[in-house]
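**Student:** So the chains spell out like this:
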Amino acid sequence: MTTGRIPETGWIGSFKVAHGITRGFRIGPMTLWIQRLENEWRIAHESGTDAMDESLDLDNIKTPEQSILESKNAVRFSFADDSEEITFSARLADRPVVTRSEYSLNVPAHEEVAAYVSTPLWMGISAGRKTKLLLEMPIFRPSDTFFGPSTLEGELCYASQAFYRLKFENQPLLPHRAVTAVLVKNKSEKALSLDLIKLPAPNLSLYRIGENMFLTQDVVYTRTEEDGFASLQIREKPGVNAGDEGGKARAVLVSEPREKVSGNIVTRAFSSLFK
Amino acid sequence: MDSILVEINRALSSEEAGAVLKAILILLAGVFFAWLLRSRLARGRLNEGHIALLRPLISYIVIGVTVLWALRELGLNMSVLLGAAGILTVALGFASQTSASNIISGFFLMAERPFSIGDYITVDGNTGEVLSIDLLSVKIRTYSNQLVRIPNETMLKSNVTNITRFPIRRLDMKLGVAYREDIENVREICYEVAHKNPMCLEEPKPFFFFKGFGDSALEFTFAPWTVKENYWEFATQMHIEIKRAFDNAGIEIPFPHRTLYTGSVTKPFPVQIMSADKTDTNSAQD
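As you go down the protein sequences, you meet chains Z and S in turn. The working numbering puts the first residue of the first sequence at 1, with every later residue one more than the last. The working numbering puts the first residue of the second sequence at 1001, with every later residue one more than the last.
If you're looking for bench data, these hints aren't it; they were derived computationally from the structure.
Below are the BS3-like pairs computed for lysine-lysine, each with C-alpha atoms no more than 27 angstroms apart in a straight line:
1. S:Lys1243 to Z:Lys72
2. S:Lys1196 to Z:Lys275
3. S:Lys1228 to S:Lys1243
4. Z:Lys275 to S:Lys1205
5. Z:Lys237 to Z:Lys260
6. Z:Lys275 to S:Lys1228
To list a few chain S residues with every Cβ distance to chain Z over 10 angstroms, as calculated:
7. Glu1073
8. Thr1089
9. Ile1183
10. Glu1241
Here the structure is a predicted model, which is why all the values come from computation and not from measurement. C-beta: ideal position from N, C-alpha, C; glycine also.
Using the sequences and the accompanying hints, generate a full structural model.
**Tutor:** Right, dumping it as structure tokens:
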């Protein structure tokens, strides 16, 4: 993990790339190059190996060897629009994200715990006056994982590279990851093992406080009886993470959920939420 | 057969236009009813395989009954027709034993549901995607884009492996390293390679099984999991990455070794070093 202060300038927004110029951006582990040619946008990127890389540099990335932008990994977009603006946007993952605890954790009967989960962001790149989406990709491609009671049934998810933390301060705030407060209420008579938590990332909205602190709506899991089900509630805005009331008010909506859930409380099989 | 024709002729020549009209209406109604049933079938809960199997069957039955009914309305003596049909059925029965067996096997397959259209299966050494499950056969498209028609009876009698039934698959990599290597270290490297590959599932965890002391190597199986859609790409990547990681760590993947002993009482094998020129000359003479 590299160290250093996160710049105040955010990476979400519009940037100018003049004709014939290549501009580089470093967002966490990803280095991105964008070249504007006549009637064409050319995009190439390289991904580092450290999922928790803190880097953010929007101005000083060296122009790459031309070969990178001419390699097979570069993506080209034909564009009649002669606009020189490129727009970056952020969204949450397109599948649920599974986070594990660093140490085994149990929630006794009639107890509750708040866990802070870090999930990777997806970056959208749009261009043109009507901001047409060119491509969307994870800033760091998380590993796949399978979450379910057996290998026969379950759901394909992403594995978060970061452990969940019991204190918000212990969860690194990175410009390419969002933090979600997950409140787990165990209202049953049995202790609840919390080795893995599945976060329904596609159902959550993404918020921003300041330029580079990303949060999502809070999520509340309630295990009530021994019937194998738990309820999942998605709160309206980030609450616990945002701190004081002022923080909550400053939270700006960055993107809507990919999939909206009907109603804010959903009942799911217990085994499909925790392990 | 002649009597049937006579009956038809009599029915037509009787100029009972009303009966003819009625027969036509019955036929049209039968065709419409068959179409209705077929379209209802498509909207039901049945899967594509069942629909493909039941559709023609429903059409044959409904239209068959309708035709008989229409003929009856035309005044045809059904007992003659049924008698002829009985004889015909016996003849056809002998001639179409295989077809009947395939049709009945098709029904068993439908009830058992071992696979659906779009699944990848292996039957009798043929692996491919199931394109259709028909009345008589199952058609699969192999990886090399060939169509293989497998009779339903064969499907029922053979071992069928459904490769894509479940969402995830395990890649069993059979590996071996030289005897001098530290197997714990090898295991760590395998896990690290799997962890770095985003296609490798974190859960279920990869499986490492030390099989034993082989003829030339310490043999083990490393089995990470991936999503079924990524299987082939993942298999290729993992083999390349494991080889690269072993090379980087200086771990030898041995090929079969054979040590020759001449015995304690014999002399060592004589070794003769020949000059390159002489070797070339010998080669040329050979």
